[in-house]
Structures are given as structure tokens and as C-alpha cells.
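Chemist: Note that the protein sequences, when read in sequence, are chains A and B. Position one of the first sequence corresponds to residue 0 (numbering that gives the first Met the number 0), numbered consecutively onward. Position one of the second sequence corresponds to residue 0 (numbering that gives the first Met the number 0), numbered consecutively onward.
Relax, there's no trap hidden among the hints.
Taking lysine-lysine and the DSBU-like style, the derived pairs with C-alpha atoms no more than 35 Å apart in a straight line are:
{"id": "1", "chain 1": "A", "residue 1": "241", "chain 2": "A", "residue 2": "215"}
{"id": "2", "chain 1": "B", "residue 1": "117", "chain 2": "A", "residue 2": "401"}
{"id": "3", "chain 1": "A", "residue 1": "23", "chain 2": "B", "residue 2": "109"}
{"id": "4", "chain 1": "B", "residue 1": "42", "chain 2": "B", "residue 2": "109"}
{"id": "5", "chain 1": "A", "residue 1": "23", "chain 2": "B", "residue 2": "17"}
{"id": "6", "chain 1": "B", "residue 1": "124", "chain 2": "B", "residue 2": "17"}
What the hints contain is simulated information worked out from the structure, not anything from laboratory work.
Letter by letter, the chains look like this.
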Amino acid sequence: MSSNFPVEKIRQDFPILQQKINGKPLIYLDNAATTQKPQAVIDALKDYYTHNNANIHRGVHTLSERATAAYENTREIVRQFINADAKQEIIFVRGTTEAINLVANSFGQLMIKPKDEIIISAMEHHSNIVPWQLLAERNQAQLKIIPMNNHGELLLDEYQKLFSPRTKIVAITHVSNALGTINPIEKMIATAHQHGVPVLIDGAQAAPHLAIDVKKLDCDFYTLSSHKLYGPTGIGVLYGKKYWLEKMPPYQGGGDMIKMVSFEKTIYNDLPFKFEAGTPNIADTIAFSAAINYVKNIGLESIAAYEHGLLNYALNALQAVKNLRFIGTAKERASAITFILENIHPHDVGTILNSEGIAVRTGHHCAMPVMEFFQVPATVRASFSFYNTIAEIDQLVTALYKVNEVFN
Amino acid sequence: MLEHMRELYQETILDHNKHARNRRTIDNASRTAQGFNPLCGDKLTLYLMIVDDKIIDVAFQGQGCAISTASASLMTESIKNKTLAETQQLFEQFHHAMIEQDVSLEKLGKLAVLAGVKEFPARVKCATLAWHTLDAALHQQSTPVSTE
Numbered sequence: 000m001s002s003n004f005p006v007e008k009i010r011q012d013f014p015i016l017q018q019k020i021n022g023k024p025l026i027y028l029d030n031a032a033t034t035q036k037p038q039a040v041i042d043a044l045k046d047y048y049t050h051n052n053a054n055i056h057r058g059v060h061t062l063s064e065r066a067t068a069a070y071e072n073t074r075e076i077v078r079q080f081i082n083a084d085a086k087q088e089i090i091f092v093r094g095t096t097e098a099i100n101l102v103a104n105s106f107g108q109l110m111i112k113p114k115d116e117i118i119i120s121a122m123e124h125h126s127n128i129v130p131w132q133l134l135a136e137r138n139q140a141q142l143k144i145i146p147m148n149n150h151g152e153l154l155l156d157e158y159q160k161l162f163s164p165r166t167k168i169v170a171i172t173h174v175s176n177a178l179g180t181i182n183p184i185e186k187m188i189a190t191a192h193q194h195g196v197p198v199l200i201d202g203a204q205a206a207p208h209l210a211i212d213v214k215k216l217d218c219d220f221y222t223l224s225s226h227k228l229y230g231p232t233g234i235g236v237l238y239g240k241k242y243w244l245e246k247m248p249p250y251q252g253g254g255d256m257i258k259m260v261s262f263e264k265t266i267y268n269d270l271p272f273k274f275e276a277g278t279p280n281i282a283d284t285i286a287f288s289a290a291i292n293y294v295k296n297i298g299l300e301s302i303a304a305y306e307h308g309l310l311n312y313a314l315n316a317l318q319a320v321k322n323l324r325f326i327g328t329a330k331e332r333a334s335a336i337t338f339i340l341e342n343i344h345p346h347d348v349g350t351i352l353n354s355e356g357i358a359v360r361t362g363h364h365c366a367m368p369v370m371e372f373f374q375v376p377a378t379v380r381a382s383f384s385f386y387n388t389i390a391e392i393d394q395l396v397t398a399l400y401k402v403n404e405v406f407n
Numbered sequence: 000m001l002e003h004m005r006e007l008y009q010e011t012i013l014d015h016n017k018h019a020r021n022r023r024t025i026d027n028a029s030r031t032a033q034g035f036n037p038l039c040g041d042k043l044t045l046y047l048m049i050v051d052d053k054i055i056d057v058a059f060q061g062q063g064c065a066i067s068t069a070s071a072s073l074m075t076e077s078i079k080n081k082t083l084a085e086t087q088q089l090f091e092q093f094h095h096a097m098i099e100q101d102v103s104l105e106k107l108g109k110l111a112v113l114a115g116v117k118e119f120p121a122r123v124k125c126a127t128l129a130w131h132t133l134d135a136a137l138h139q140q141s142t143p144v145s146t147e
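Bound conformation, chain A alone (with noise of 0.2 Å):
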């Protein structure tokens, strides 16, 4: 257990975290929900609007510029955050969603016709599960699913069989939001590749814990969303290799996505911003840089060692809690923890701990082919970042205890 990584020092940098719930300290154990965002992210949001708000791309004013300079500044930190090769290559879009989303219509409409297949995995969350369903049923394609283990582990040799002439793309996650499962995805998308195949990664969960290089990678398309990384909500990122970006076409329509419109004939405008219409979420992008840079600042190995550390110390301790069942036991696997108590259902777990000051996620996760191969209405997920600490953790065993007190 990294005993060097500052984490007082660093929780001091997030004001959400000095508050108290229900008379205790807030424990935040959510962190796949959402992250808690740094000073200097707030500060960034506060100050973009004090000193630098106007719309970008259009004035000459300075403003304008100086807006302008900050949003692509982002760019190219995000850029470098995930070694992409080129700026035009980084699309800001709302978040994962939204990005995965923009995929399946305009990759979709380029190159899936009727009887193609698409695959994805058993263990995606709705995000990665729904816009497929969509592109399935506009263009009558079929989804092929990846099925997985009692670990929660995806099945490869399963995986390469589903592959056909038909298949046009895959579409997996990198690490699974209910389960904590970190997929192999190098050796995936290889194989995609081996076929023919293009891959889309759902980055949401990953980037804020792993270190993201999509030349490394080599996938095709890759999603991260903002406010998972402790940045503000309303602001993702899709990367796609040129190759594809370029042959398109555009997701919406509207101002900055064009070169000249007319009534006759409209051309659109190049990479990256063909697939930005309108006013972007200036503010929040400019947030995001910030966001990180502080993340750069602690180092994401620092972070994923001290994380790591914490995962471990948590299932252990969690072994003590009775009738406790842990589900998704991969053995790669990064920061949530996703469990029930029999007998007991999360809700009424999650209300008891919320009562301690410990905010954890109960319900289905947006996973609810997860819940129903494991045979569970809902789950209990803790997930963890890197401010918690390990007495957070213990309060949170002793929190269960006390659930389990309640009911039995």
C-alpha cells in the first residue's frame, strides 16, 4: 500500500469533501457516478466567466481570441492526455454517451447495411447497448453479444467465433462500470482487426484510472466523458482515427460544422469540427483542461498504484462482512466494488450507509443484462478514487455491519 501518495494533501483540494451527511463526515464512494472536481477546476469554470467568456471561432475581438485559444488549447492537452496522433482526430461532444451515439449514426449510415452485425459485449452499460439497438433496427442490422464468465470476465474464444463476413464494427468497454472488469482490450482489438473490423472503446470508466494511449491501443474510436476524470459535466470526448472521421458524414448540423451554405449546396467544414455544430460547452471544456492537468500533476501512475492498493484493502476487508456476496470477480480489475447482502436489498443498504455519511450507488448501474445474468434485481457499488482513503474504507465495513444488524 503506497503510504508516499499525499492524500490528505490532496483531499484538501476538494471542498465538496470537508462536508458532513447526517451529522458524520461525507464518505464519497460514487466515483463511477461521478467525480468530485479539484479547486482548480472550479476556479477554471469561475474564471473563463470573470475574465474570458465570448464565443469562439467567429470574433476578432479579444475575447473571442482569447476564448478561441483556451477551448483549443484543450484539444490539444486532451490530445496528448491519450497520445492521439493529430487535433483533428479529438471531437468534443457531451460525454460517452453522446460520443458513442455520434458513431452509430454517421458510421452507421456510411457503412452498415441491412443483415450486417454488429458486436458488443454482455457486460455494457446502456450507453454502449442502446444506440446499437437504434442503428440495428433503422438500417436492419443484427447485434452479436460477447457472452462473459461467473467472474464477469469476457469469454475470447466465444469473441473470435462471432466474428462473419457481415460483421461491421465492435463496439466493448474498456473497464465495466458495474463489475470493475478491465477488458483486454489490446488483444481484442487486435483480433477486430485480424477480421477486418473497426473497434469503438468505451473509455468512460478507464480514463480516470488507467493510462490511455490509443496508438498504443490502435482502436478506432475511442469515448472518455469529463466529469468521470474530475472535470465538469457536459463535456466528452470522441477519438477516431482520421480514416474514419474523414469518411463520415456529419452527425448534426448547423453553425461551425460548415465551410459555406447556401441554399444550392452546403460544405462542410474539416476535421475536427464537421462533427462540432453549434456553440460548444466553451466554459466546461476549458474546466476540463484543468481537470486534467491536475491529474497530470499527481501522475496517473501514482494514482492507479494508491487505487489499486485501495481495491485490494477494501475487498479484503469486506470478507468479513457476513452474507456479503461480491459480484464481478475479475481478476483484472480496477476501482468499483460491486456486492449485495442477501437478504437485504441495496436500497435499503445504500439508505443505512447514507445514514453514516457514505454515499455508494444501489440499482441496476445502467447495466441491466449484468443484473440479469448474475440474477440480481440490483447491487450495491462502491467506487473509489483517489481521495478516499483506507478509514474510509473501514467505516464503510463497519457501516455493513450495522445494515446487517438492522435486518437480522
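Go by the hints and put chain B onto chain A.
Modeler: Frame of chain A; chain B shown alone:
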């Protein structure tokens, strides 16, 4: 444990959760209705046996949290042998009391134990699931039942 946890999870509720009354099916039920809360996965099937405008038997099946189970169990006890009109009225009173801040559950007998749920807005839907299902059942047509 905190005072308001004691209010929410008080004896009667815990009892009705652990030993839910009328948790079974009814063959040839006059009305059957399903309830589902997609936010949490709570599912409920309600069975009513109606003879001469009276609910002579009521039962439920399903899986849910302690609040929704206890509420369903308490509900079955409170509507047995009531007329359809009385039951509809009880639904409106209960529902109104659960969602309005200043309306109390005092006059609703045993149902008053659910008053604690009002402090937890996120859990009110748990308490009202069975009742919404009941409302749906009351508005259905009966399947023909032979009384011979």
C-alpha cells in the same frame, strides 16, 4: 444508529419485510396487475379476488426492498374485505399523504408506520409501488369468475 433510521426501519416495517403477509399467488384471480420500478428493479405482481364488489382476497409476489415489501404487505392487510370504492379511496388517501408534506398518515391505521419514508424522498416510490399497482388493478375489467 441514527434516530431517523429507527423511524424508517422501525419494528413493524422490518417485521412486514421479513414476514410479509399474503405473499402468495391467487389462482383464477379476478384482477392481476404488474408494477415495476425501473430505477431499482423492484417488481410486483398483485392478485385480487373480487366478489360482489368486495375484495375478499388479495396477495402479491415479487422482489423488492424492505420498504416496498412492507408497504405491499401492509396494503394487503388494509384492503381485505373492503369494497372497491373504499379501496380506491384508501389508495387516494395513502398516495396523497405520501407525496404531500403536510398531510399525515395518522388516520390510516397501521399504514402510519410508513410515515418515516416521507423523510427520504428517494424512497417514496418504494412505498407507493404496490399502491400504484393496486390502482391499476382497480381500473381493470374483472375476468369472469364463477361463484359456484
